[in-house]
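Got chain A sorted already, so can you dock chain B onto it with the hints?
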Amino acid sequence: MPYVILSAILFTIGAIGVLTRRNAIVVFMCVELMLNACNLAFVAFAHQHGNLDGQIAAFFVMVVAAAEVVIGLAIIMTIFRTRRSASVDDASLLKF
Amino acid sequence: MPEFTKPDLEYFELLPLFIVFGAACVGVLVEAFLPRESRRLPQVLVTLLGLVGALVATVWVAADIVVHDDGAARGVVGAEGSVVVDGPSLYLWGLILVFGILGTGLFAERRLEGGLSAFAGQAAALPGTEAERQASAKGLDHTEVYPLLLFAIGGMLLFPASGDLLTMFVALEVLSLPLYLLCGLARRRRLLSQEAALKYFLLGAFSSGFFLYGAALVYGYAGTVSLAGIDQAVRAGTADHGLLLAGIALLAVGLLFKVGAAPFQAWTPDVYQGAPTAVTAFMSAATKAAAFGAVLRLFYVAFDAERWSWQPMLAVVAVITMLLGGALAIVQTDVKRMLAYSAVAHTGFLLTGVIGAQGAGDLAEGQYSSLEGVLFYLTTYGFASVGAFALVTLVRDAGGEATGFGAWTGLGKRSPVVAGVFAFFLLSMAGIPLTAGFVGKWAVFTSAMSAGFWPVVLVAIASSIIAVYFYIRHIQLMFFTAPEPDGTAAVSEASLLTVGTVAVCLAATVVLGVVPGPVLTLVERAGDFIR
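Chains as they are written, first to last, in my numbering: chain A, 1 to 96; chain B, 97 to 627.
In short, the hints are calculated from the structure, not lab data.
Check before you lean on any hint, since a few could be wrong.
The calculated label-pair distances, taken between Cβ atoms and stated as ranges, are [as the list claims (entries may be wrong)]:
id, chain 1, residue 1, chain 2, residue 2, range
1, A, 26, B, 338, 30 to 36 Å
2, B, 359, A, 25, 22 to 28 Å
3, B, 129, A, 2, 52 to 58 Å
4, A, 51, B, 338, 19 to 25 Å
5, A, 70, B, 589, 48 to 54 Å
Here's a subset of chain B near chain A, in silico, CB distances under 8 Å, partners left out [claimed, not checked]:
id, residue
6, 280
7, 286
8, 370
Output of the computed footprint for chain A on chain B, the stretches with three or more beta carbons under 8 Å from beta carbons of chain A [to be verified]:
id, stretch
9, 219-228
10, 482-488
Predicted model, so just to flag it, every value in this text is computed and none were measured.
Note that beta-carbon positions come from the ideal geometry of N, C-alpha and C, so glycine has one too.
Extracted from the complex, chain A is given alone in its bound form (with noise of 0.2 Å):
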């Protein structure tokens, strides 16, 4: 049970960083925090239950979060190079 406290501790530290932040590399930093928190609640659920599903789920969750940085460096990496920042405040362009 301590762990599950710990993965939401984690979970909300990344929520909010993702909130409060203005890089899309940290934002995106955050969104990764939110993931490993998730990895950790799912194996401590597991280990309280006492069966693998939630341990496999962690491996299919790394692997998600693996892709998910692929595509998502790639997009920060376009928009950094015609923008020359990678502030999320100065991709306002749409709006309202």
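Chain B only, in chain A's frame:
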């Protein structure tokens, strides 16, 4: 040491999935082994063959489908319980594949840009540089969009058919990741397109984090990720109830983001406007169908016994979504953005259907259940939406697509056919009687009514009237307003690909409005989810 048992795959029932993912892999190989200039035709052929093949396989599987256990649902549980091929899955598969074929037509269109596709010649080249001009001059374009499209469609097929939360999460990512990339690949207005991709990606990744944490909590509650197992645990109700409620809420955040419901609708207008219009057309119809399929399966199969916990939540979300979408659509001055906000409003109408009555006991004789209503609504809205966005690609001026309202004034005089067909799609979305949209709205509203959610239905009717206002205002703008001085946009000649797509959407919208019977029967025959 437990003995390793070989997993059992239902190759026949999963054939559509195998064909789509197989075709996507072939597309990747085409990218790797063919020279750049000669990739386009093979890619389009592989994509179309894959999608048509998968559609044929879907119909074939649907024809052979067997009654499951007790008879209320038909289908099989495949791939060790992780994929459920039942009536609603097969119906959505057919729908998504049809939208995929229509989308491929729009992707392959080259005549509008004078021999170039709507996608960037070289996404890595900076806009306005020599490298980009060279790429355009050589007539390069990114043929990677076709495999990406196929992977996205594969994820969409898997999403509503997933039998456990883990498969659902993987399918969610498989459908989203290619879409993030596709959004950023517009040839014109690259900055807007890249910004749309960035916003879609960051918010999408954020929301899938919520989905995943919800899945972890529900796993903690039930001790299993399978939807049927969760249903049993919820019915037994022995574990900590708070864990379940938190899990449901977080899962709902992830899914409501994907369907674009308020308060998670912020990405919808930006992405719909910034993405290449061909992508928007495909995405608006197919993502909505896939995501609503997943919403229905998750809430109806896994959390059916918790109806009283999630129905009020979804009712509130539906009300906010309809009002917000309708109100913000009124103040728009850009066609794509207006259609995007109207998509938000339609999400609200669909959610009104989701909270509707489902059980056989709650329904009057001959009344459509909420599942049937939502499936039918997805069909009507999808065709109207693909058709409308396809027509947006045709109205152009020197700078590419002209999406501002100023450019559309008086379009009815310059090209009555395009303006007329666009007006027809708008009327269908507005739900004027005798169009497809009316039948869909009727079905979802009556099922919400029988579940006792009359306040939501009242709001839905009110926001339908708001929607009629902004649709009619656009029609008035096209037909009865004198062209503005800057209204130089004209309708470009498109190739058969776009014209064919629009014609199919028009035919489908007309048929669904005048004789909805056959499709309603099909939806009815789809039956219930396998629980």
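Okay, the hints, checked on the actual structure:
1. A:26 x B:338: 30 to 36 Å: holds (32 Å)
2. B:359 x A:25: 22 to 28 Å: holds (26 Å)
3. B:129 x A:2: 52 to 58 Å: holds (53 Å)
4. A:51 x B:338: 19 to 25 Å: Check passed, 22 Å falls within 19 to 25 Å.
5. A:70 x B:589: 48 to 54 Å: violated (39 Å)
6. 280: With a closest approach of 6 Å, the residue 280 of chain B hint holds.
7. 286: The hint holds - residue 286 of chain B has a Cβ within 8 Å of chain A, the shortest such distance being about 7 Å.
8. 370: The hint holds - residue 370 of chain B has a Cβ within 8 Å of chain A, the shortest such distance being about 6 Å.
9. 219-228: holds (count 4)
10. 482-488: violated (count 0)
Hint violations for this structure: numbers 5, 10, all remaining hints satisfied.
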